[in-house]
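Novice: As a plain string of letters, each chain reads:
Number of protein chains: 2
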Amino acid sequence: MSNILRILVAAIALAASARATIATDAPPNSLVVTVSGLGQRALDDPAAFDFVQSLTTEIGQRLAGTEAHRRAVGWAEARLKAAGFENVHSEPFTFPAWIRGDESAEIVGSVPQHLAVTALGGSVATDANGVEAEISLFRTYDDLLAAAPGSLNGKIAVVTQHMVRAQDGSGYGAANPIRRLGPSEAAKRGAVAYLLRSLGTDSHRLPHTGALNYEDGAPRIPAAALAIPDAEQLERLAAKGPVRVRLLLTPTVQANASSWNVVGEIKGKERPDEIVLIGGHLDSWDLGTGATDDGAGVAIVFGAARLIAGLPNRPGRTIRVVLFGAEEMNFSGAAYAQAHEAEAGKIVVAGEADFGARNVYSVQLPGGAASSDFGRMLDRIITPLGANLDRRPALGGGDDIRELQKAGVPVVSLRQDGSDYFDTHHTADDTLDKIDPKQLDQAVAVWSAFTYLAAVSDVNFRSLAATAK
Amino acid sequence: MSNILRILVAAIALAASARATIATDAPPNSLVVTVSGLGQRALDDPAAFDFVQSLTTEIGQRLAGTEAHRRAVGWAEARLKAAGFENVHSEPFTFPAWIRGDESAEIVGSVPQHLAVTALGGSVATDANGVEAEISLFRTYDDLLAAAPGSLNGKIAVVTQHMVRAQDGSGYGAANPIRRLGPSEAAKRGAVAYLLRSLGTDSHRLPHTGALNYEDGAPRIPAAALAIPDAEQLERLAAKGPVRVRLLLTPTVQANASSWNVVGEIKGKERPDEIVLIGGHLDSWDLGTGATDDGAGVAIVFGAARLIAGLPNRPGRTIRVVLFGAEEMNFSGAAYAQAHEAEAGKIVVAGEADFGARNVYSVQLPGGAASSDFGRMLDRIITPLGANLDRRPALGGGDDIRELQKAGVPVVSLRQDGSDYFDTHHTADDTLDKIDPKQLDQAVAVWSAFTYLAAVSDVNFRSLAATAK
Numbered sequence: 040m041s042n043i044l045r046i047l048v049a050a051i052a053l054a055a056s057a058r059a060t061i062a063t064d065a066p067p068n069s070l071v072v073t074v075s076g077l078g079q080r081a082l083d084d085p086a087a088f089d090f091v092q093s094l095t096t097e098i099g100q101r102l103a104g105t106e107a108h109r110r111a112v113g114w115a116e117a118r119l120k121a122a123g124f125e126n127v128h129s130e131p132f133t134f135p136a137w138i139r140g141d142e143s144a145e146i147v148g149s150v151p152q153h154l155a156v157t158a159l160g161g162s163v164a165t166d167a168n169g170v171e172a173e174i175s176l177f178r179t180y181d182d183l184l185a186a187a188p189g190s191l192n193g194k195i196a197v198v199t200q201h202m203v204r205a206q207d208g209s210g211y212g213a214a215n216p217i218r219r220l221g222p223s224e225a226a227k228r229g230a231v232a233y234l235l236r237s238l239g240t241d242s243h244r245l246p247h248t249g250a251l252n253y254e255d256g257a258p259r260i261p262a263a264a265l266a267i268p269d270a271e272q273l274e275r276l277a278a279k280g281p282v283r284v285r286l287l288l289t290p291t292v293q294a295n296a297s298s299w300n301v302v303g304e305i306k307g308k309e310r311p312d313e314i315v316l317i318g319g320h321l322d323s324w325d326l327g328t329g330a331t332d333d334g335a336g337v338a339i340v341f342g343a344a345r346l347i348a349g350l351p352n353r354p355g356r357t358i359r360v361v362l363f364g365a366e367e368m369n370f371s372g373a374a375y376a377q378a379h380e381a382e383a384g385k386i387v388v389a390g391e392a393d394f395g396a397r398n399v400y401s402v403q404l405p406g407g408a409a410s411s412d413f414g415r416m417l418d419r420i421i422t423p424l425g426a427n428l429d430r431r432p433a434l435g436g437g438d439d440i441r442e443l444q445k446a447g448v449p450v451v452s453l454r455q456d457g458s459d460y461f462d463t464h465h466t467a468d469d470t471l472d473k474i475d476p477k478q479l480d481q482a483v484a485v486w487s488a489f490t491y492l493a494a495v496s497d498v499n500f501r502s503l504a505a506t507a508k
Numbered sequence: 040m041s042n043i044l045r046i047l048v049a050a051i052a053l054a055a056s057a058r059a060t061i062a063t064d065a066p067p068n069s070l071v072v073t074v075s076g077l078g079q080r081a082l083d084d085p086a087a088f089d090f091v092q093s094l095t096t097e098i099g100q101r102l103a104g105t106e107a108h109r110r111a112v113g114w115a116e117a118r119l120k121a122a123g124f125e126n127v128h129s130e131p132f133t134f135p136a137w138i139r140g141d142e143s144a145e146i147v148g149s150v151p152q153h154l155a156v157t158a159l160g161g162s163v164a165t166d167a168n169g170v171e172a173e174i175s176l177f178r179t180y181d182d183l184l185a186a187a188p189g190s191l192n193g194k195i196a197v198v199t200q201h202m203v204r205a206q207d208g209s210g211y212g213a214a215n216p217i218r219r220l221g222p223s224e225a226a227k228r229g230a231v232a233y234l235l236r237s238l239g240t241d242s243h244r245l246p247h248t249g250a251l252n253y254e255d256g257a258p259r260i261p262a263a264a265l266a267i268p269d270a271e272q273l274e275r276l277a278a279k280g281p282v283r284v285r286l287l288l289t290p291t292v293q294a295n296a297s298s299w300n301v302v303g304e305i306k307g308k309e310r311p312d313e314i315v316l317i318g319g320h321l322d323s324w325d326l327g328t329g330a331t332d333d334g335a336g337v338a339i340v341f342g343a344a345r346l347i348a349g350l351p352n353r354p355g356r357t358i359r360v361v362l363f364g365a366e367e368m369n370f371s372g373a374a375y376a377q378a379h380e381a382e383a384g385k386i387v388v389a390g391e392a393d394f395g396a397r398n399v400y401s402v403q404l405p406g407g408a409a410s411s412d413f414g415r416m417l418d419r420i421i422t423p424l425g426a427n428l429d430r431r432p433a434l435g436g437g438d439d440i441r442e443l444q445k446a447g448v449p450v451v452s453l454r455q456d457g458s459d460y461f462d463t464h465h466t467a468d469d470t471l472d473k474i475d476p477k478q479l480d481q482a483v484a485v486w487s488a489f490t491y492l493a494a495v496s497d498v499n500f501r502s503l504a505a506t507a508k
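Protein chains in written order, with our numbering: chain E, 40 to 508; chain Z, 40 to 508.
Since the hints were made in silico from the structure, they are not lab data. Treat the hints loosely; a few may be bogus.
The list treats identical chains as interchangeable, and a pair is accepted whether it falls inside one copy or across any two copies.
Simulated pairs of lysine-lysine, DSS-like, Cα-Cα distance not exceeding 30 Å [to be verified]: (1) K120 to K227; (2) K477 to K279; (3) K120 to K279; (4) K477 to K508; (5) K308 to K477; (6) K227 to K477; (7) K306 to K120; (8) K308 to K445.
Only a predicted model underlies this, so the values are computations on that prediction, with no experimental measurement involved.
The task is simple: from the sequences and hints, build the whole structure.
Specialist: Here it is, written out as structure tokens:
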């Protein structure tokens with residue numbers, strides 16, 4: 040019996056000391072049985088679905104900076120308290136809030152047609168009458184990058200590259216620069232506005248929003264996403280001759296808007312200063328009700344931690360649930376890391392659920408942990424739940440924990456099936472009906488198993504990583 | 040060899056008289072071979088898809104009464120002429136054109152939320168500031184009908200009954216009164232506005248429009264359809280307490296607007312006054328580009344007739360293609376029947392393709408024809424194409440030929456697979472990408488087989504029906 044297993048068994052025995060049935064010299068199977076039981080309870084627990092149902096129904100959209108997000112913060116605090124979490128509070132930060140205005144686009148000229156578009160988060164506004172220009176259409180982003188400076192002078196640049204459907208979301212990663220960087224790349228070549236085929240895998244007239252990142256020094260031009268059928272329509276029309284488009288966007292920015300990272304904890308019994316941090320983001324885009332992004336994620340970590348809080352005894356380490364407050368515009372992770380800079384060394388591991396509502400099919404641990412006793416035990420527990428331990432280490436764990444990771448915090452990635460996540464991602468279609476409660480519960484089960492094991496053990500991911508190198 | 044088969048063989052031999060290879064005493068298999076060959080050519084003919092692609096790309100939406108529909112009429116005439124149709128012309132009629140305005144709805148009060156709605160065709164406008172009231176929500180239409188007079192005074196009535204998915208579209212038929220008659224039923228009970236769960240089988244934030252029919256004498260109240268996720272959201276909220284909604288609709292009506300039924304013919308060689316009439320409707324709803332409703336239908340009958348026009352010899356009877364001009368608001372069929380009242384007795388049979396772009400899975404002939412020699416021969420030809428002859432007679436053939444049917448014209452129903460037709464029907468999502476060219480071509484094949492057999496033979500559906508009685 041390895042040291043780590045002895046420690047784990049001792050920890051669970053200690054945690055369960057009020058129940059004399061678990062002896063300190065119980066075989067390692069005891070912990071497996073305990074954690075497996077936790078996972079099985081998650082499969083029949085309505086709490087996570089109830090959480091996301093209530094959030095999306097009683098609040099709806101909750102873009103950071105809106106009154107609705109402020110209400111969501113109060114709602115979340117009350118929920119966490121009611122579920123028995125401790126140290127429930129909200130940590131404020133300020134950020135420039137981008138608020139959507141009117142948005143429309145049409146083909147003008149002899150074949151006038153409406154186009155379904157939505158402004159990219161962070162886009163500047165057009166003139167009050169919109170911007171009207173001939174389009175230059177590029178079938179790939181590389182084609183745009185290959186265009187000479189000045190070649191897009193006075194044009195609306197349009198990139199219609201397809202995003203690839205992939206279970207692990209790699210299609211989104213590959214296409215992301217089209218949305219984030221495309222506006223400035225087009226502006227540097229003279230374009231007066233920018234349109235992209237939505238980063239999505241559906242074929243509905245519901246465009247996908249998402250943030251852009253203007254490049255310092257490049258002109259800031261208005262930018263929007265076309266619904267996928269509309270991008271295809273533009274391709275067909277552009278093949279026939281010149282096409283003129285008028286685009287109207289009227290977003291505004293509120294400097295120094297308020298947001299909050301909402302926190303609740305299950306305090307550790309033995310080593311409360313050691314923290315297993317799990318999170319999701321409470322804010323959402325404004326077009327839908329943020330059911331899969333990220334109502335599901337906050338529901339999953341809430342549901343997992345709540346089940347652990349309901350055990351007869353607490354794990355040795357503290358489990359901290361963080362519901363981040365401005366992920367979509369990329370502000371909450373940095374705010375959190377900055378506020379908790381001094382504490383980073385005490386965060387054992389961090390993970391974020393922000394990839395929809397479907398089942399977890401694999402878990403990537405911090406480097407060196409997959410082949411450890413911790414990894415082997417986790418694998419035994421999650422395999423019956425339909426998830427595998429991935430031998431590859433987690434390269435990242437979510438946007439809100441990236442800054443913690445940079446500060447040395449080990450991260451875990453519980454990979455959910457994202458095959459259809461980008462059908463509705465960042466669209467008006469991100470609503471409750473897209474969530475299958477059974478799949479959501481499976482994700483809760485795997486999260487609860489990982490979280491409990493990490494909190495009940497004294498696994499040290501930093502030293503495992505160092506040893507593996 | 041039956042009389043009818045002798046006649047059919049003689050007819051095809053006559054039609055093919057320039058080609059000496061088909062003898063007048065050829066076995067009945069010859070006609071089967073000829074028509075089957077026609078069907079096979081349809082399966083590899085890009086003409087129908089090209090037609091609907093061009094129509095939806097170069098025109099887009101074409102609600103009757105809009106400038107776009109006027110352009111579509113010119114486009115269609117040019118297409119028919121270019122394809123070799125004869126007697127191409129457009130038959131004008133006037134009607135009251137309903138034109139969509141602004142439309143929006145939101146939940147007001149402590150949990151404000153946007154609702155995705157679209158006005159029903161024919162709805163009156165709200166006040167310029169909209170109508171705001173508490174909702175009364177009914178889970179079934181029967182529940183609304185059971186409400187007492189006065190019980191909805193000052194309320195917005197909401198009916199959230201689900202529409203059932205069915206291959207034959209019977210779910211739409213069953214639910215249709217909710218949209219057509221619900222507004223007046225609610226008004227008679229005191230309601231100030233009416234909302235229904237869209238008649239659709241999808242779960243997208245794209246509401247389904249469609250016409251209503253106000254009842255004479257009942258107050259005319261504004262009426263709109265909720266997207267299906269929004270109807271479900273209202274159900275959840277209404278279960279928690281009172282819900283107030285503000286609805287804004289600003290449609291207008293243009294009296295004496297112009298539309299046209301576009302006609303093209305393949306003149307019969309022997310009995311040109313005997314007419315096999317096949318049609319679809321050129322007008323569409325305004326939210327999408329009318330790809331499946333009814334770009335596909337006009338493309339199918341165009342494609343089928345064009346293939347027949349391309350045969351070395353013409354059938355004995357005239358094939359008339361009619362692209363109706365105001366089906367969605369129910370005006371073109373009556374206009375056509377009225378203009379052709381004197382000719383009705385010469386119309387051998389009429390059929391309309393207006394049920395999407397998928398394959399024909401069964402054919403319903405006029406009463407008495409299924410068991411005739413004509414029916415048996417048709418069955419031999421369409422079975423290899425993946426369609427069956429339905430023993431049940433066609434009860435109807437499409438909205439635009441209903442008035443002809445009332446005037447005694449036999450009708451045929453080529454039933455297309457409508458399993459997913461109501462996912463996008465009457466929504467912004469009715470776009471070209473929803474059409475599978477291979478399935479469209481199968482429909483063209485079955486239509487070409489039926490149309491050719493009806494035009495090359497002297498089948499008399501009226502006498503078959505009389506004999507069968």
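Novice: Each hint: holds or not?
Specialist: We went through each hint and held it up to the structure:
For a Cα distance limit of 30 Å, the shortest separation of K120 from K227 qualifies neither inside one copy, at 51 Å, nor across copies, at 49 Å. In the homo-oligomer, the alpha carbons of K477 and K279 lie at most 30 Å apart only across protomers (25 Å), although the nearest pairing inside one protomer, at 48 Å, exceeds that limit. Taking identical chains as interchangeable, the C-alpha atoms of K120 and K279 lie at most 30 Å apart only when they sit on different chains, with a minimum of 22 Å there against 61 Å within one chain. Proximity of K477 to K508 under the C-alpha cut-off of 30 Å is found in neither arrangement, the shortest distances being 39 Å within a copy and 56 Å between copies.
Proximity of K308 to K477 under the C-alpha cut-off of 30 Å is found in neither arrangement, the shortest distances being 32 Å within a copy and 66 Å between copies. With identical chains, the CA atoms of K227 and K477 are never at most 30 Å apart, being 48 Å at best within one copy and 44 Å at best between copies. When the C-alpha separation of K306 and K120 is checked against a cutoff of 30 Å, the pair qualifies only within one copy, where the shortest distance is 14 Å, while the shortest distance between copies is 80 Å. With identical chains, the CA atoms of K308 and K445 are at most 30 Å apart within one copy only, with a shortest distance of 29 Å there and 83 Å across copies.
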